[in-house]
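Visitor: The opening position of the sequence shown corresponds to residue 1 in the working numbering, with each subsequent residue numbered one higher.
No lab work stands behind these hints: they were computed from the structure. Keep in mind that this is a model prediction, so the values were computed, not measured. Quick reminder that beta carbons are idealized off the backbone N, C-alpha and C, glycines included. Among these hints, one or two may not hold up.
Between beta-carbon pairs, the in silico distance windows are [said to hold, decoys possible]: (1) Gln43 / Lys112: 33 to 43 Å; (2) Arg177 / Gln144: 17 to 27 Å; (3) Asp72 / Ala133: 32 to 42 Å; (4) Arg170 / Lys112: 28 to 38 Å; (5) Lys86 / His150: 21 to 31 Å; (6) Pro37 / Ala133: 39 to 49 Å.
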Amino acid sequence: MTELWLTRIIPDLRSRQARRDLPSAVGMHHRVMQLFPDTEAEQARAVLGVLFRIEDGPQGPHILIQSQAQPDTTALPVGYGTIATKPLTPLLEGLRAGRPVRYRIAASAVRKPGKTTRALYNLKPVVPLSGTAADDWWIRQAHQSGLTIHTIHSTPLDAARGEHAQGKHRIHHARTRFDGTATITDPALLQSRLTEGIGRGKAYGCGLLTLAPA
Numbered sequence: 001m002t003e004l005w006l007t008r009i010i011p012d013l014r015s016r017q018a019r020r021d022l023p024s025a026v027g028m029h030h031r032v033m034q035l036f037p038d039t040e041a042e043q044a045r046a047v048l049g050v051l052f053r054i055e056d057g058p059q060g061p062h063i064l065i066q067s068q069a070q071p072d073t074t075a076l077p078v079g080y081g082t083i084a085t086k087p088l089t090p091l092l093e094g095l096r097a098g099r100p101v102r103y104r105i106a107a108s109a110v111r112k113p114g115k116t117t118r119a120l121y122n123l124k125p126v127v128p129l130s131g132t133a134a135d136d137w138w139i140r141q142a143h144q145s146g147l148t149i150h151t152i153h154s155t156p157l158d159a160a161r162g163e164h165a166q167g168k169h170r171i172h173h174a175r176t177r178f179d180g181t182a183t184i185t186d187p188a189l190l191q192s193r194l195t196e197g198i199g200r201g202k203a204y205g206c207g208l209l210t211l212a213p214a
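Produce the entire structure from the sequences given, and follow the hints as far as they go.
Guide: Set out below in structure tokens:
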């Protein structure tokens, strides 16, 4: 069975470093990756199975991080915030066909029109989806992830934005949060998709699917 860890960071907003990281998808990506060992692999995030999501909670914003490697919690700057880590073994062992669950995911719902369609309607290579089109996108993704969706509540979120060093590469991923209820249909497929993440922008706060008993 794949080993997964879930880490929750509650940033202390008195920390200048925390305040700087939170608005930037690129800055948060770098901060999260500092919690894990260096690897020479080009796709270090994918190799370590690292996904994250920023949410608003009663104590302010908090960061959820899922990973296949246990994070080094001492790597955070002093005063950055409080941090707690737990294994997700009970969740993975509880994935059973027919089991009802509650889900949440902040995902980049998009479509990629073909060359002819782009030229005809003057579209970009990647078109963000919203409303019913975004819901339909999530239903398809969930079906391909071993879930049958029963209810959906979708909430548009601010896009994941940021710039890499020297401003040579800008990040922009439209995001929608999907919440609701579903039934597990394929536990093995679901575990795989939980581990890999869903959709685009997985390095920048998109694609982390979390589940809880319904």
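Visitor: Hints the structure violates: just list their numbers, smallest first.
Guide: 1, 4
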